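So the sequences go chain by chain: F and B.
Just remember that my numbering sits 218 ahead of the position in the first sequence, which is counted from 1.
Just remember that my numbering sits 128 ahead of the position in the second sequence, which is counted from 1.
Do not rely on the hints blindly, as some may be mistaken.
Okay, derived cross-link-like pairs now, EDC-like style, lysine to aspartate or glutamate, Cα gap no bigger than 16 Å in a straight line [stated by the list, open to error]:
#	chain 1	residue 1	chain 2	residue 2
1	F	Lys223	B	Glu132
2	F	Lys223	B	Glu131
3	F	Lys220	B	Glu132
4	F	Lys408	B	Glu255
Quick caveat, the hints were computed from the structure, so don't treat them as lab data.
Only a predicted model underlies this, so the values are computations on that prediction, with no experimental measurement involved.
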Amino acid sequence: MKAPKFSYIRAESLDHALALLAEHGEDARILAGGQSLMPTLNMRLSQPDLLIDINRLADLKGISLEGNRVRIGALTRHVEVLNSPIVADHLPLIAEAMPHVAHVAVRNRGTFGGSVAMADPAAEMPACALALEATLVVESVRGRREIAADDFFLGLYETARQPDEIFVEALIPVQAADSVSVFMELARRKGDFAMAGVACCAKIEGGAVAHSRLVYFGSEVKPTLATGAMAALKGQSWPDPAREAVLTALGDDLDPMDNLLGSPATKLHLQRVLTGRALDAAMERAA
Amino acid sequence: MSEETQTITLTVNGETVTRAVRVREHLVDFLRGELGLTGSHIGCEHGICGACSVRVDGAVVRGCLILAVQADGAEVTTIEGLTDSGEVADLQETFVERNAMQCGYCTPGMLMTAAELMKDGEVHSREDIREHLSGNFCRCTGYHAIVDAVETTMKRRAGQ
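Put together the whole structure using the sequences plus the hints.
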């Protein structure tokens with residue numbers, strides 16, 4: 219189908235975009251890479267009055283190492299994240315996740331910030347941001363806010379970003395050299411929306427899991443931190459004796475959606491399978 | 129709401145064009161309808177099938193997921209331009225040789241996408257070729273012949 223009628227303004231600066239957004243609020247949509255917004259327009263699932271195109275805002279682009287954090291500008295294309303030596307060296311979780319993001323033509327255009335701000339339940343970058351305890355930065359004419367990833371993802375396509383705010387950058391702590399990370403997902407076809415997935419960061423000491431962050435996506439309405447499974451894993455060796463307690467706790471942590479990709483029971487099963495594979499891989503990588 | 133238009137100037141297959149476009153029109157509708165470049169096909173119009181793949185500023189993108197108005201100032205190459213430049217002449221010959229198409233609807237998108245992988249002159253594995261083409265649907269061939277054609281062309285370019 220064809221997109222409905224709307225007005226279009228190419229923002230010339232972040233201030234310009236913020237002023238437009240302050241004026242139009244929920245009647246406007248920010249057009250970044252457009253790889254999710256354009257399909258919804260073409261299918262007429264979304265009918266905004268105004269598109270504010272931020273693609274020329276150079277300040278929102280780029281990846282840099284700033285102290286012990288990596289800054290990823292919201293407009294950075296997926297392909298730039300994929301090819302970034304900074305990401306490869308300091309954020310191996312994201313480097314491992316990025317090849318799973320859609321397909322080459324979508325990665326050439328889609329943006330890191332668009333993915334985080336959209337908060338699609340099957341998206342890889344929101345899960346990575348949560349696993350890595352990223353700080354997500356939004357701006358509006360009212361000022362700048364830094365939001366912990368733990369407080370950012372609220373529900374299905376719902377985030378702490380207000381209608382007059384633009385997501386401008388992520389500040390992500392570099393992964394410690396003595397920690398490991400694993401990213402895995404299951405999709406029917408490579409590049410399709412994941413029906414189950416896990417982003418895992420762990421610190422293994424003396425064969426035991428001293429600390430972990432287990433984030434599940436695809437099955438849940440939002441990227442979900444499995445606090446029960448993490449507690450069951452803490453200080454324990456994997457797979458024995460932790461395995462049963464961790465996988466049991468995961469059943470309470472997760473509340474899978476019932477949709478065409480599978481029943482809640484199927485998805486919980488798949489997440490347990492992935493948990494086993496991911497923690498096996500984590501132990502192997504730490505060895 | 130009235131139909132909003134804006135005037136854009138861009139380079140398409142090496143030629144500068146200036147046109148007034150409807151702001152809601154996506155790039156492939158513009159290329160096909162306004163410029164008559166019908167080599168880029170429209171399949172799903174929501175970014176799934178890859179039939180509309182075009183090159184914008186050097187990178188292959190979904191032509192249905194970028195607005196024509198966003199291409200203001202951009203350098204766009206369609207399958208017509210790619211053919212005229214000879215960049216994929218050998219790949220096109222190998223597509224014929226290996227029967228890498230039946231109805232041909234996906235072929236321009238396949239060629240555009242394969243051309244990006246072939247820019248580095250490397251011989252990529254069949255797995256990498258499949259991965260790279262995984263966002264382009266073909267409903268006829270089962271993909272095997274397409275991967276054959278891309279692989280064969282890469283090897284020939286590398287003198288193998």
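Results for each hint:
no.: 1; hint: Lys223(F) to Glu132(B); in the structure: holds (8 Å)
no.: 2; hint: Lys223(F) to Glu131(B); in the structure: holds (6 Å)
no.: 3; hint: Lys220(F) to Glu132(B); in the structure: holds (15 Å)
no.: 4; hint: Lys408(F) to Glu255(B); in the structure: holds (12 Å)
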